[in-house]
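Chains as they are written, first to last, in our numbering: chain A, 287 to 808; chain B, 5 to 136.
Hints in this document: simulated from the structure, not taken from any laboratory.
Treat the hints loosely; a few may be bogus.
When the alpha-carbon atoms are kept at most 25 Å apart in a straight line, the in silico PhoX-like pairs for lysine-lysine are as follows [said to hold, decoys possible]:
| # | chain 1 | residue 1 | chain 2 | residue 2 |
| --- | --- | --- | --- | --- |
| 1 | A | 535 | B | 79 |
| 2 | A | 604 | A | 615 |
| 3 | A | 402 | A | 477 |
| 4 | B | 95 | A | 593 |
| 5 | A | 701 | A | 642 |
| 6 | A | 802 | A | 535 |
| 7 | B | 79 | A | 488 |
| 8 | A | 389 | A | 402 |
| 9 | B | 95 | A | 642 |
| 10 | A | 593 | B | 134 |
| 11 | A | 802 | B | 79 |
| 12 | A | 615 | B | 95 |
| 13 | A | 442 | A | 399 |
| 14 | B | 79 | A | 591 |
| 15 | A | 612 | A | 783 |
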Amino acid sequence: MPYHTFKCSECLPDRQKHAVIKGPGEDITSCLPLGNLNTIPGTITERGCAYCGAKHVIGTPMKDVIHMSHGPVGCTYDTWMTKRYISDNDNFQLKYTYATDMKEKHIVFGAEKVLKQNIHEAFDAFPNIKRMTLYQTCSSALIGDDMDAIAKQVMKERPDVDIFVCNAPGFGGTSQTGGHHKINIAWINNKVGTFEPEIKSKYTINYVGDYNIQGDCEIMTDFFQRMGIQVLSSFTGNGSYDDLRSMHKADLNVLECARSAEYICNELRVRYGTPRLDIDGFGFDLLAESLMKVAMFFGDDCVAKAKEIIDEEVARWKPELDWYAKRLKGKKICLWPGGSKLWHWAHVIEEEMGVKVVSVYSKFGHQGDFEKGIARCGEGALAIDDPNELEALEAMYELKPDCILTGMRPGEVAKKIRIPYLNIHAYHNGPYKGFEGWVRLARDLYNAIYSPVMNLAAIDISKDDFDTDTGFKTRTMLSDPGTPREELHTEHMYTGKMDIVTHLRGKTYEFPAPDKPVTDAV
Amino acid sequence: MSFRHRISLLQMLCEESNMEMKEKIAALENYIMQRCLWQFHSRAWDRETQNTGILGITRQLLCGEEVDLSTPAQKCFWVDAACLADGFRSKFPWINEMSLPEINEMMDGLKARIDYVTIHGSLNEELSVKLY
Numbered sequence: 287m288p289y290h291t292f293k294c295s296e297c298l299p300d301r302q303k304h305a306v307i308k309g310p311g312e313d314i315t316s317c318l319p320l321g322n323l324n325t326i327p328g329t330i331t332e333r334g335c336a337y338c339g340a341k342h343v344i345g346t347p348m349k350d351v352i353h354m355s356h357g358p359v360g361c362t363y364d365t366w367m368t369k370r371y372i373s374d375n376d377n378f379q380l381k382y383t384y385a386t387d388m389k390e391k392h393i394v395f396g397a398e399k400v401l402k403q404n405i406h407e408a409f410d411a412f413p414n415i416k417r418m419t420l421y422q423t424c425s426s427a428l429i430g431d432d433m434d435a436i437a438k439q440v441m442k443e444r445p446d447v448d449i450f451v452c453n454a455p456g457f458g459g460t461s462q463t464g465g466h467h468k469i470n471i472a473w474i475n476n477k478v479g480t481f482e483p484e485i486k487s488k489y490t491i492n493y494v495g496d497y498n499i500q501g502d503c504e505i506m507t508d509f510f511q512r513m514g515i516q517v518l519s520s521f522t523g524n525g526s527y528d529d530l531r532s533m534h535k536a537d538l539n540v541l542e543c544a545r546s547a548e549y550i551c552n553e554l555r556v557r558y559g560t561p562r563l564d565i566d567g568f569g570f571d572l573l574a575e576s577l578m579k580v581a582m583f584f585g586d587d588c589v590a591k592a593k594e595i596i597d598e599e600v601a602r603w604k605p606e607l608d609w610y611a612k613r614l615k616g617k618k619i620c621l622w623p624g625g626s627k628l629w630h631w632a633h634v635i636e637e638e639m640g641v642k643v644v645s646v647y648s649k650f651g652h653q654g655d656f657e658k659g660i661a662r663c664g665e666g667a668l669a670i671d672d673p674n675e676l677e678a679l680e681a682m683y684e685l686k687p688d689c690i691l692t693g694m695r696p697g698e699v700a701k702k703i704r705i706p707y708l709n710i711h712a713y714h715n716g717p718y719k720g721f722e723g724w725v726r727l728a729r730d731l732y733n734a735i736y737s738p739v740m741n742l743a744a745i746d747i748s749k750d751d752f753d754t755d756t757g758f759k760t761r762t763m764l765s766d767p768g769t770p771r772e773e774l775h776t777e778h779m780y781t782g783k784m785d786i787v788t789h790l791r792g793k794t795y796e797f798p799a800p801d802k803p804v805t806d807a808v
Numbered sequence: 005m006s007f008r009h010r011i012s013l014l015q016m017l018c019e020e021s022n023m024e025m026k027e028k029i030a031a032l033e034n035y036i037m038q039r040c041l042w043q044f045h046s047r048a049w050d051r052e053t054q055n056t057g058i059l060g061i062t063r064q065l066l067c068g069e070e071v072d073l074s075t076p077a078q079k080c081f082w083v084d085a086a087c088l089a090d091g092f093r094s095k096f097p098w099i100n101e102m103s104l105p106e107i108n109e110m111m112d113g114l115k116a117r118i119d120y121v122t123i124h125g126s127l128n129e130e131l132s133v134k135l136y
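Go ahead and model the full structure; you've got the sequences and the hints to work with.
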């Protein structure tokens with residue numbers, strides 16, 4: 287087994303099986319790190335807790351809901367606004383955050399009364415919102431408050447409201463992945479099948495495992511609807527609470543992030559017979575094939591529309607992707623996301639942007655995610671599970687990447703050693719899904735790698751011996767040295783608009799009429 | 005040529021042909037591992053179902069046989085299988101020259117190899133967990 291031992295972790299024997307290098311001839315039967323294990327106490331992990339995984343990854347993107355945490359205010363406040371999961375109802379779910387504000391006295395005397403009072407106050411404050419999710423935290427779990435009972439009491443007192451209770455305290459798992467699991471299972475156990483949707487199309491899907499980061503989900507939903515497919519629910523980006531209660535009615539579950547949402551797809555398959563189709567919403571080639579797969583499931587009319595969309599999008603955006611690919615060719619990147627981009631991007635970013643993925647890691651991925659990622663990445667890649675800050679630093683010094691694609695916490699560490707980073711959790715200038723989105727990612731990657739500030743920041747101004755006679759270099763001077771100005775403008779970099787999502791809202795779509803339900807003939 | 009020589013020549017030819025088949029299977033395996041996600045469901049029993057369903061239909065499509073699309077599950081397998089068969093044909097044109105017995109032999113080998121990589125030889129300790 288090609289395990290890699292970091293010098294900084296030689297004193298931590300438990301870390302020895304958490305990093306591997308994919309050598310020549312290696313595959314996932316000989317090269318796989320451990321995953322989804324408890325973080326070793328004392329190491330500075332980048333993971334979140336199970337509560338955060340349940341609430342802030344999966345629950346909170348639901349747009350028409352009051353998301354209440356039953357615990358100290360810090361749990362909800364410190365994780366508020368960490369991801370840009372926008373919505374088409376003026377971002378209601380992002381604007382406010384709610385907590386029952388548990389204190390020491392509640393730990394001693396119980397906090398059920400204060401919970402009930404808070405629920406009523408929140409519904410009174412937002413009279414147009416009739417749905418609520420309640421999240422357990424470590425504190426309320428440890429004292430054993432019966433949140434389900436309180437929710438039932440309130441629903442009895444206010445018959446027009448519906449409340450979902452998620453018992454995923456912070457300690458309930460190795461990381462945020464424990465919370466993903468718990469909320470998936472709680473939702474299907476308690477809410478799926480409790481609402482009947484209006485079926486408008488012959489073809490219906492649930493779009494699962496997309497959290498609408500900067501509009502990703504809306505871009506994909508637009509494609510599906512243009513193909514004549516009704517998206518009954520999106521789990522959970524820009525998702526509506528009642529739509530998600532009707533997931534049982536869809537013909538197909540289209541799954542993006544299997545790490546956070548495969549559980550509900552698996553259960554829907556077992557309980558309702560709805561098939562699960564895993565797709566890639568990123569990259570031209572894989573996205574085109576994914577759209578075709580969804581269309582083929584429904585039939586030739588859908589396939590014709592999918593082909594039309596793909597041809598139009600590729601013709602419009604491929605030349606601009608190529609502009610960036612030419613300038614990104616050979617650049618080394620570390621692909622260090624939370625979970626699913628590890629495998630969504632590992633191969634296609636090399637194929638279509640020309641960069642070399644020298645390392646992949648995941649904070650909360652399971653071994654199954656590493657199987658996908660390692661299978662897709664090239665020889666020599668270093669794969670790390672749940673890296674600590676020192677290991678990430680050592681990897682960056684060792685691999686000398688041109689850019690780190692990661693979240694804000696490790697990204698800021700990278701900047702300190704003058705390696706640019708691209709935020710692929712909340713995104714820099716997304717959406718990154720869709721054909722245009724993939725070009726936006728290439729644009730952001732180009733801007734990060736060729737940013738003039740990286741050169742300027744490298745100058746040690748505490749000394750007098752740096753050059754003062756060299757001029758400022760622009761991005762173009764760095765990426766196209768020596769190219770005459772007139773030649774630079776024969777091809778185009780990204781020409782899209784800053785906001786590519788808002789115009790999709792309010793669009794109308796034509797759907798093929800649904801089949802009439804079979805009834806007993808008279 | 006002596007009998008012994010003829011036998012050893014035949015053995016060499018067989019080995020070459022096996023070698024060639026192994027290389028072909030390796031190319032197809034690499035294609036699947038880099039492009040597909042269906043083989044990576046989270047439990048061993050799921051992977052077995054996926055591999056059998058999708059590779060079985062891929063074989064039928066490559067052999068020009070009719071495919072059963074009577075259930076949503078079969079249709080979902082067919083979607084992945086159809087894209088896979090198209091990809092195989094365009095990326096590896098030698099498939100179009102193969103006889104039916106050769107395709108069957110190749111797909112048997114591919115199924116065994118994908119089962120090995122994703123199930124029997126897998127290092128993933130979560131494959132045997134009983135619940136999702």
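For each hint, the structure was consulted:
1. Straight-line distance between C-alpha atoms of residue 535 of chain A and residue 79 of chain B comes to about 17 Å, which keeps the hinted pair within the 25 Å bound.
2. Under the criterion of a C-alpha separation no larger than 25 Å, the hint pairing residue 604 of chain A with residue 615 of chain A is consistent with the structure, at around 16 Å.
3. With a C-alpha separation of about 21 Å, the suggested pairing of residue 402 of chain A with residue 477 of chain A holds against the 25 Å cut-off.
4. With a CA separation close to 20 Å, the supplied pair residue 95 of chain B and residue 593 of chain A stays within the 25 Å bound.
5. Between residue 701 of chain A and residue 642 of chain A the alpha-carbon distance is near 20 Å, which keeps this suggested pair within the 25 Å criterion.
6. With a C-alpha separation of about 14 Å, the suggested pairing of residue 802 of chain A with residue 535 of chain A holds against the 25 Å cut-off.
7. Between residue 79 of chain B and residue 488 of chain A the alpha-carbon distance is near 16 Å, which keeps this suggested pair within the 25 Å criterion.
8. Among the hinted pairs, residue 389 of chain A with residue 402 of chain A is consistent with the structure: their alpha-carbon atoms are about 16 Å apart, no more than 25 Å.
9. Between residue 95 of chain B and residue 642 of chain A, the direct Cα distance comes to roughly 23 Å. Compliance with the 25 Å bound is thereby established for this hinted pair.
10. The straight-line distance between the Cα atoms of residue 593 of chain A and residue 134 of chain B is roughly 41 Å, outside the 25 Å bound, and the hint therefore fails.
11. For the suggested pair residue 802 of chain A and residue 79 of chain B, the alpha carbons sit about 21 Å apart, so the restraint of at most 25 Å is met.
12. Of the pairs offered as hints, the one joining residue 615 of chain A and residue 95 of chain B holds, with about 24 Å between alpha carbons and a cut-off of 25 Å not exceeded.
13. In summary, the hint linking residue 442 of chain A to residue 399 of chain A is supported, as the alpha carbons are separated by about 16 Å, within the 25 Å threshold.
14. Note on residue 79 of chain B and residue 591 of chain A: the hinted pairing holds, with a Cα-Cα distance of about 19 Å set against a maximum of 25 Å.
15. Using a Cα cut-off of 25 Å, the hinted pair residue 612 of chain A and residue 783 of chain A holds, with the two alpha carbons roughly 22 Å apart.
Hint compliance for this structure: hint 10 is the single one not met.
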